[in-house]
Structure formats: C-alpha cells, structure tokens
Amino acid sequence: REFVYLKRAIPLEKANQILALHIPGVFLEKGYKRYYPEADAAAHVVGFTNIDDHGQEGLELAYDSWLQGIPGKTRVVKDRLGNTITNLDVITKPQQGRDLMLSIDRRIQYLAYNELKNIIEKYHAESGSVVVLAVKTGEVLAMANMPSYNPNNRKGIPINNMRNRAVTDLFEPGSTIKAFTIANALGSGKYNINTLVNTNPGVLKVDGHLIYDDKHRNNKVLTVKGVLQKSSNIGVAKITLSLPSDSLLNLLRSVGFGQSTQSGFPGEAAGVLPDHLKWRQFVLATLAFGYSISATPLQLAQAHAVIASGGLLRPVTFLKNDALTPGAQVLPAKLCKQMMSLLEAVLDIGGTGTRAQIPGYRVAGKTGTAYIASPAGGYYTDRYFANFVGIAPASDPQLVIVVVIKNPRGSLYHGGQVAAPAFANIMNGALRILGIPLDDVDSL
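Here this note's numbering is used: the first residue of the sequence shown is 7, the next is one more, and so on.
Check the hints yourself; a few may be wrong.
[Stated by the list, open to error] Straight line, CA to CA, 25 Å or less: simulated BS3-like cross-link-like pairs of lysine-lysine:
hint : residue 1 : residue 2
1    : Lys-412   : Lys-221
2    : Lys-84    : Lys-244
3    : Lys-231   : Lys-221
4    : Lys-20    : Lys-196
5    : Lys-20    : Lys-36
6    : Lys-39    : Lys-13
7    : Lys-123   : Lys-412
8    : Lys-236   : Lys-196
9    : Lys-36    : Lys-161
10   : Lys-123   : Lys-99
[What the hints assert, rightly or not] For each label pair, taking beta carbons as the anchor points, the in silico distance ranges come out as:
hint : residue 1 : residue 2 : range
11   : Leu-25    : Arg-415   : 21 to 29 Å
12   : Leu-247   : Ser-347   : 42 to 50 Å
13   : Ala-276   : Gln-101   : 52 to 60 Å
14   : Thr-201   : Pro-381   : 35 to 43 Å
Bear in mind the hints are in silico, worked out from the structure with no lab data behind them. Note that this is a predicted model, so its numbers are computed, not measured. From the three backbone atoms N, C-alpha and C, an ideal C-beta is built for every residue, glycine too.
Please model the complete structure; the sequences and the hints are all you need to start from.
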C-alpha cells in the first residue's frame, strides 16, 4: 500500500502519543538504524549511513553497494486499482548484502585514538592524525583523527569534524622526507654513510634564498649518517643539489608519493609533487627536506613501509587480509636494510628522535617539523606540523606508525618533542597487543 511519511525517526514515546489520538490513516512503522559501538574512536574510518541505510561517509560509503545487496524482481498480475492479485514468477532473485571484514584492530584503534586525544589536549593543538599500517600486508590496523564526532549522534557536529584527515588532508611532511633523500644519495653511488658533508657556516644560499638548520645551529662537518641523525636541512640540500635534478623526484614517485595508495577510501587525496620542468635550484633544495611536496599521513606510512619491507610497495587496504601481499620491488633490498640502520640511529643519543625509544624493542624512525603554509602565501612563522614516523621492530619490521599533530601551541612544537612520545606509546601498546616478541629483554 502506498503511503507518505509524515515524520521519520521520532522517539517511540512521542509516536505512541500520536497513535493514541486515533487519527484515521495515521499509523506507525518501525524502523532500524545502524549503531556504532566504537563511536568517535573509529568514526572517520567506518563512517555512517543515512536514514535509508545508504552509506554517506567512510567505509559505509565506499562499500555501500557491497553491503546493500540487490533487490529481486517478481512478475505479478494487478487489478485496475493497482492491487496485486497473484504472483506469476520470479524474474530475478534478490541477493543478500555481503559481510565486510575490516582490517581495523579495535584494540589498537582505541589505543591510537586515546593517545591522539590526549596529545591534542595536552598541547592545545588544532588537529591530528594517526595511522597504524601492517608492513607485510598493507592493512590499516588503526586510523584516528582529532577532532572527531559520534556517528550515533551527529546533531550539531561541524562538517569539518567528519573529515578523515589521514586520507584527505595534504601537508608538507618536512624532515620525515629525509629518509628518501638519503636513500636517493646512497642509491646514486656517489655517497656512502661515511661521506663527509660540510654544513659550515650554518647557512646555505640558493637562488637568493637562505637555508638554515634548526635553531640556526651550525652542525659543521657531518657524515651522511650524521646528516640524517641531526636532521640537517643544509646537509640534505647540498647532497640533493649535487645529484641529477630528477633523481629524487623519481624516487619519491616510486614509493607512492603523488599518487593514490589504492586504499579505495572516498575522497583520498593523491598529493602533489613539483613539476621538475619548472624547478629552480631552491625548489629542489627544499624538496630535500620536505617542502615543495604535499602528502597525506596515509601516503607517508605507505612510503616508509617500502623501506621497512625491503623495497616492496604494497597497496593499502582497509579490509582484512591474512595473506602476505606480494607488492612491487621499487627499491633495492640492500639499500632499504642500510636505511633501516640509519633510521635506528635517529633514536640514539644525539639524534632528534630519542623520545620515540621503546624499552625492549629496536625502533627506526624520523622526526619532522614543518611550517604551516599560509593561505595568503608564504608560511606562518609560529605555526607548525609536528610529525613522527616510525618502524618496529627494526629487526623484523611489522608496523609503521605515523603521527601528525597540526599546530601544537606552547614552547614545545617539534616532532621529536610532541609526536615522538605519542608514537612510542602507540607502538609499544600495539606490539604487545599483537604479541610481537621483544628484541632485547635485558633492556627492560
């Protein structure tokens, strides 16, 4: 029978009050809606449906047709009033919606979300994202964003809170790119880890622009290993300017920057790599330390998973995948092993990532601190992205975790100060949840 909805999704108590009026032709139809037990902890990944149970955001939207199924068709005989008299035959049988098993580990998801929430509140930051990626399968085990929202009660929620920043928002990753800058140098054959790089007098002039190391520090003469450990902008700029201009661009593209991660997540941004035909020397120099390039936190995780996996680029997935994903060999395994050793040194005393250390586990990683671009052009001088990307255990890499904090307020704003401790807490918990064996029991 045809009817018109007068009001949908009203409380049962109010519906019963209306029925008690006994208005002719007015009746109650019970309905169902999704309930999301993870609430704000997994809101950006799972998304939500509308009143008709069609996906509107997140994986609910991406896999809407998969979950919905297909209605069947039946041939019937109707009278002149449109009433069905008899069913003749079934034209097509209905197909039930299929189950969907996500790769998200709810234990790690809660861990990542709570740690991110704490760090955002502690530093009064504008927003933040965390990505936890399984190295050998490309599975996203956790993805958290702040600010978040409760999909069970969306009334009055700002639209920006619903955005999955880890896949839609681009940022300049800063010094977290330096692992690939150094990999490009070592892969060229012109440099080895002990090659000396002179950063004196603590400033480098390129195309009329000045490049400094952090806090205008003069790191003097560093080895290539020291350039990464100290995160020297001058060092990576000098190295990159001495190599073919398109070599770094090609390497960055090969590990996934400037293209989709193939996750299938709605609204995923591909990122931006500069057009090498338009490059000036200054653009190339800044690319070496993570400017002139934009990426998502998910891309940053996928790219570092290449190093962690011995050079294999694997597509990212939000679906459960128990099998080892083959991947494409985009970097030499020997080079990646060398890079893992250098990234471990970043966490040693004298490096920028000491706060990312985890007792009992060997960890490799890289800090990043980047100025936030201003819509008016140029950069804010007092607003930063504080980032950390890490891999563990370094002896047999299982997880890559990226932490990005936008605009932490206060005297602490570096990636090694803000994002690295959050990384350590999430990685430590995740490794123990998954039962990953310790590297060094004696260090506990």
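Quick rundown of the hints versus the structure:
As the CA atoms of Lys-412 and Lys-221 are separated by approximately 20 Å, the hinted pair is consistent with the 25 Å bound. At most 25 Å may separate the alpha-carbon atoms for a hinted pair to count; Lys-84 and Lys-244 exceed this at roughly 81 Å. Taking the CA atoms of Lys-231 and Lys-221, the gap is about 20 Å. The hint holds against a cut of 25 Å. Our distance criterion of 25 Å between C-alpha atoms is broken by Lys-20 and Lys-196, whose separation comes to about 77 Å.
For a cut-off of 25 Å, the pair hint linking Lys-20 to Lys-36 stands: about 13 Å separates their Cα positions. With a C-alpha separation of about 15 Å, the suggested pair Lys-39 and Lys-13 falls inside the 25 Å cut-off, and the hint holds. In summary, the hint linking Lys-123 to Lys-412 is supported, as the alpha carbons are separated by about 13 Å, within the 25 Å threshold. Between the alpha carbons of Lys-236 and Lys-196 the distance comes to roughly 21 Å, so the proposed pair stays at or under 25 Å and holds.
Note on Lys-36 and Lys-161: the hinted pairing holds, with a Cα-Cα distance of about 22 Å set against a maximum of 25 Å. For the hint linking Lys-123 to Lys-99, the alpha-carbon distance of about 48 Å lies beyond 25 Å, and the restraint is violated. A hinted range of 21 to 29 Å is violated for the C-beta pair Leu-25 and Arg-415, which are about 54 Å apart. Leu-247 and Ser-347 have their C-beta atoms about 25 Å apart, which leaves the hinted 42 to 50 Å range violated.
Separated by about 33 Å at the C-beta atoms, Ala-276 and Gln-101 break the suggested range of 52 to 60 Å. One distance hint, 35 to 43 Å for the beta-carbon pair Thr-201 and Pro-381, holds here, with the actual separation near 41 Å.
Checked against the numbered hints given earlier, the structure breaks hints 2, 4, 10, 11, 12, 13 and satisfies all the rest.
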